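Build the full structure now, drawing on both the sequences and the hints.
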Amino acid sequence: MFELIKTLVPYLSPGSIICDYQYAAFSAMKYCFPEVNVKGCFFHLAQNMRKHLAEIGVISQYNNDPEFALRAKMVLALAFVPMADLDEYIDALANDLPVELQPLLNWFEQSMEKIAPIIMQRQPIVDCVLN
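Residues in the sequence shown are numbered from 1 upward in steps of one, following this note's numbering.
Derived from the structure by calculation, the hints contain no laboratory data. Treat the numbers as computed from the prediction; the structure is a model and nothing was measured. Check the hints yourself; a few may be wrong.
[To be verified] Derived DSBU-like pairs: lysine-lysine, alpha-carbon spacing no greater than 30 Å straight-line:
{"id": "1", "residue 1": "Lys51", "residue 2": "Lys30"}
{"id": "2", "residue 1": "Lys73", "residue 2": "Lys30"}
{"id": "3", "residue 1": "Lys39", "residue 2": "Lys73"}
{"id": "4", "residue 1": "Lys51", "residue 2": "Lys73"}
{"id": "5", "residue 1": "Lys30", "residue 2": "Lys6"}
{"id": "6", "residue 1": "Lys39", "residue 2": "Lys51"}
What follows is the structure, given as structure tokens:
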């Protein structure tokens, strides 16, 4: 699709693109527009987190236990940590999370490992934009 866009608008050189956290999308954008600053959409990251909470069987606890929900949201807040510091913050949070949320932290870490090489030079992972 991005190749088609480049064909239709050959001089297009976007400064930044915000998209869902899909490795294929991030990769395709960087391939077609090497200088683009690709950022993930926080809304979609939060949506994906809720799906993952359901997959690991803790969505009810997330919905009904404010302290548990706060801990889960701490994982989501890692998206605002600069990439260079992310490992340190993941390790610190791992020591503070309930056992039930360790799979969520693993999911986040694996997701970031996939896209990190694409966005490594950019910080933080998401822009602070309200829409």
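How the hints compare with the structure:
1. Proposed proximity of Lys51 and Lys30 is supported: the alpha carbons are some 27 Å apart, at most 30 Å.
2. Only pairs whose Cα atoms come within 30 Å are accepted, and Lys73 paired with Lys30 is accepted, the gap being roughly 29 Å.
3. Distance restraint check for Lys39 and Lys73: the Cα-Cα separation of roughly 19 Å lies within the 30 Å cut-off, and the hinted pair is therefore satisfied.
4. Under the criterion of a C-alpha separation no larger than 30 Å, the hint pairing Lys51 with Lys73 is consistent with the structure, at around 13 Å.
5. Proximity of Lys30 to Lys6 is assessed by CA-CA distance (about 13 Å); at most 30 Å being required, the pair is judged to hold.
6. Taken as a hint, the Lys39 and Lys51 pair is honoured in the structure, with Cα atoms around 21 Å apart against an allowance of 30 Å.
When each numbered hint is compared with the structure, no violation occurs for any of them.
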